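Protein chains in written order, with my numbering: chain A, 483 to 683; chain B, 859 to 1195.
Note that these hints are calculated values from the structure, not bench results. Note that the coordinates shown come from a computational prediction; the quantities given were computed from them, not determined experimentally. Any given hint could turn out to be false.
[Stated by the list, open to error] Listed next, with one range per pair, are the computed distances between beta-carbon atoms:
{"no.": "1", "chain 1": "B", "residue 1": "L1167", "chain 2": "A", "residue 2": "N529", "range": "53 to 59 Å"}
{"no.": "2", "chain 1": "A", "residue 1": "G604", "chain 2": "B", "residue 2": "L1082", "range": "42 to 48 Å"}
{"no.": "3", "chain 1": "A", "residue 1": "A584", "chain 2": "B", "residue 2": "W898", "range": "20 to 26 Å"}
{"no.": "4", "chain 1": "B", "residue 1": "W898", "chain 2": "A", "residue 2": "T559", "range": "22 to 28 Å"}
{"no.": "5", "chain 1": "A", "residue 1": "S501", "chain 2": "B", "residue 2": "L921", "range": "45 to 51 Å"}
{"no.": "6", "chain 1": "B", "residue 1": "V1078", "chain 2": "A", "residue 2": "E639", "range": "53 to 59 Å"}
{"no.": "7", "chain 1": "A", "residue 1": "P634", "chain 2": "B", "residue 2": "R1191", "range": "41 to 47 Å"}
{"no.": "8", "chain 1": "B", "residue 1": "L1075", "chain 2": "A", "residue 2": "N484", "range": "53 to 59 Å"}
{"no.": "9", "chain 1": "A", "residue 1": "N631", "chain 2": "B", "residue 2": "V1172", "range": "50 to 56 Å"}
[As the list claims (entries may be wrong)] If the Cβ cut is set under 10 Å, some of the chain B residues that face chain A in the computed set are:
{"no.": "10", "residue": "Q901"}
{"no.": "11", "residue": "E1098"}
{"no.": "12", "residue": "V1101"}
{"no.": "13", "residue": "V1102"}
{"no.": "14", "residue": "K1103"}
{"no.": "15", "residue": "G1106"}
{"no.": "16", "residue": "D1109"}
{"no.": "17", "residue": "Y1111"}
{"no.": "18", "residue": "V1112"}
{"no.": "19", "residue": "E1194"}
{"no.": "20", "residue": "P1195"}
A virtual CB, placed ideally from N, CA and C, is assigned to each residue, including glycine.
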Amino acid sequence: MNVDLHLQEGEFAFLTGHSGAGKSTLLKLVMRMEKSSAGQVLVNGKNLNRLPRRQLPFFRRNIGVVFQDHQLLFDRTVFDNVALPLQVAGFSSTDAARRVRAALDKVGLLNKENQNPIALSGGEQQRIGIARAVVNKPALLLADEPTGNLDPALSEEIMRLFEQFNQVGTSVLLATHDIGLISRDKYRVLTLDQGRIIEDE
Amino acid sequence: MGKLNKKASSSRQTSRNESTSESKTAIGASRSANKSGHSWFQQHQQVAVDSLARLLAEPGSSLLTWSVIGIALALPLCLFLFLQNIQQLNTNLDEAGNISLFMKMYVSNDTLTKIQSDLQEMEQVIRVSVVTSEQALVEFQENSGFGNALEGLDDNPLPALLIVTPSDAGKNSLSSLVLELEALPEVDSAQVDLEWIQRLYSIINLAEGFTTALALLLCVGVILAVGNTIRLAIENRRNEIMVVKLVGGTDAYVARPFLYTGIWFGIGGGIIATVLVLLAFLLLSGPVTGLMALYGSDFVLSGLTASDLLTLLVTAGGLGLFGAWISAVRHLRLIEP
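Only chain A is shown next, with the shape it has when bound in the complex (with noise of 0.2 Å):
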């Protein structure tokens, strides 16, 4: 793919496009889950390109990412699920669940914090999986067809979730083939097609 884009601090920004156009690549490249071949990818002032392996983990703790199958771990609580990149990052316990309520508490899902997330609906698991990647405040959200398996009310719910969380300063690049949740918002529009941008509104 190539590409030429830019997106400020605390901007909220749609990515869409076909199946294959490339959404979820461009994700892994500002993830850095993969390499670009040509080109630079800069987050946060950062060139992924030369970033040494060891940085990786750091450069990833600034980055919360939401999957369209949410990736939870069934082996242990929605606490947990939620905590863990505060785990990794050595927040002390009493820290780490202050801030882990405070999210479920934001996503609503604050009285399931115990339960394992294979008992609950596929739109709180989704809101899980939002929870635990707002808790560490990244700076950036970014977001792979989050209401991918959702009908319309939920993931109305869910958008109204990423607004409140841009609102507060997070930049959102969120990646939808969903057309209903783009026409309706006054938001940047990123049309992808084979790999090149076809559209910037």
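Given the coordinates of chain A, work out where chain B should sit on it, guided by the hints.
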């Protein structure tokens, strides 16, 4: 779009112009985490407990691995204990390797004393004690029960005796020392006491070398067994590792639970090895004591001491850690989101 701000701008550019204002931005987004020693210790403790709980949650397969390690450790351990016990014979039978020099009949007590002091000068000799023919006769009369028979003889038929205790240097060249002493004109014959024990020692030395080689080989076996088990554990938790790496877990963080698992495998194996050795000891100590009693010895089979046990557990834990480390370094690198 709004003006370029200080932090958290994400961009992908194909142009060659690197935005300088971007490259100078501060890393403001990273929250300073609580890195206090307390938290670090807490985390290690947590991981250690969690990995043990994981092993205990699957007692069947864990026990299998523990047994493999336990048996591999018990084998050389038993051999070492066996050798250690035989070496205890060494100290019990101090006289082993003494050389008895039977003097010719005409040698007078004065000459005897002179030879004694001459021999004591020798480098290969620690000590020389004298048994005159008179003393030998008394001893013989007391011990043999032939006292009355000897009274019928005109002369004392027993020769004088020098008992030579060789030094370590002398022991190593025992046969040449014996030849040298035998060549003395006053000496009738020389005889090595309990020569078979000397031979036994060289066999023990050989066995020790063999046991060491076997122990090293089995240690490698333990490392491989743990490594392979850890490889499977990593494979089973692939998804979790992926997620942890995505939310910013370092290699060390990801490896930690597996390293603790390795330590637990090692220690558990060490415990099983101890149990096996104690069982073997219980089975053997009765018969051995009985056997040694027949030889009039108060020899007691010595088992594992507390410090042996500690060494065993530390070594086993270390082997487990090493096996897990090799495996974790190799396989965690392959899981790269």
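The hints, checked one at a time:
Checked against the hint of 53 to 59 Å, the C-beta distance between L1167 of chain B and N529 of chain A comes to roughly 56 Å, which is consistent with it. Judged by the Cβ atoms, the range 42 to 48 Å given for G604 of chain A and L1082 of chain B holds: they are separated by roughly 44 Å. As the Cβ distance of A584 of chain A to W898 of chain B is approximately 24 Å, the hint placing it in 20 to 26 Å holds. Against the hinted window of 22 to 28 Å, the Cβ-Cβ separation of W898 of chain B and T559 of chain A comes to about 24 Å, which satisfies the hint.
Taking the beta carbon of each, S501 of chain A and L921 of chain B are about 49 Å apart, inside 45 to 51 Å as hinted. Remark: the range hint 53 to 59 Å for V1078 of chain B to E639 of chain A is upheld by a beta-carbon distance near 58 Å. Taking the beta carbon of each, P634 of chain A and R1191 of chain B are about 43 Å apart, inside 41 to 47 Å as hinted. Against the hinted window of 53 to 59 Å, the Cβ-Cβ separation of L1075 of chain B and N484 of chain A comes to about 57 Å, which satisfies the hint.
A beta carbon spacing of about 52 Å between N631 of chain A and V1172 of chain B agrees with the range 50 to 56 Å that was offered as a hint. The beta carbon of Q901 of chain B comes within 7 Å of a beta carbon in chain A, closer than 10 Å, and the hint placing it at the interface holds. Checking E1098 of chain B against chain A: minimum C-beta separation of about 5 Å stays under 10 Å; hint holds. Given the 10 Å rule on beta carbons, the hint for V1101 of chain B holds: about 5 Å separates it from the nearest Cβ of chain A.
Using the Cβ-Cβ criterion of 10 Å, the hint placing V1102 of chain B at the interface with chain A is satisfied: the shortest such distance is roughly 6 Å. For the restraint placing K1103 of chain B at the interface with chain A, the shortest Cβ-Cβ distance is roughly 7 Å, inside the 10 Å limit, so the hint holds. Hint status for G1106 of chain B relative to chain A: holds, with the closest Cβ pair at about 4 Å, below 10 Å. Checking D1109 of chain B against chain A by beta carbon gives a least distance of about 8 Å; that is within 10 Å, so the hint holds.
The criterion of a C-beta within 10 Å of any C-beta in chain A is met by Y1111 of chain B, whose closest approach is roughly 5 Å, and the hint holds. The closest approach between the C-beta of V1112 of chain B and any C-beta of chain A is roughly 9 Å, which is under the 10 Å cut-off, so the hint is satisfied. With a cut of 10 Å, the hint placing E1194 of chain B at the interface with chain A holds, because the nearest CB-to-CB distance is about 9 Å. Below 10 Å, beta-carbon pairs count as interface contacts, and P1195 of chain B has one with chain A at about 5 Å; its hint therefore holds.
In summary, this structure violates none of the numbered hints.
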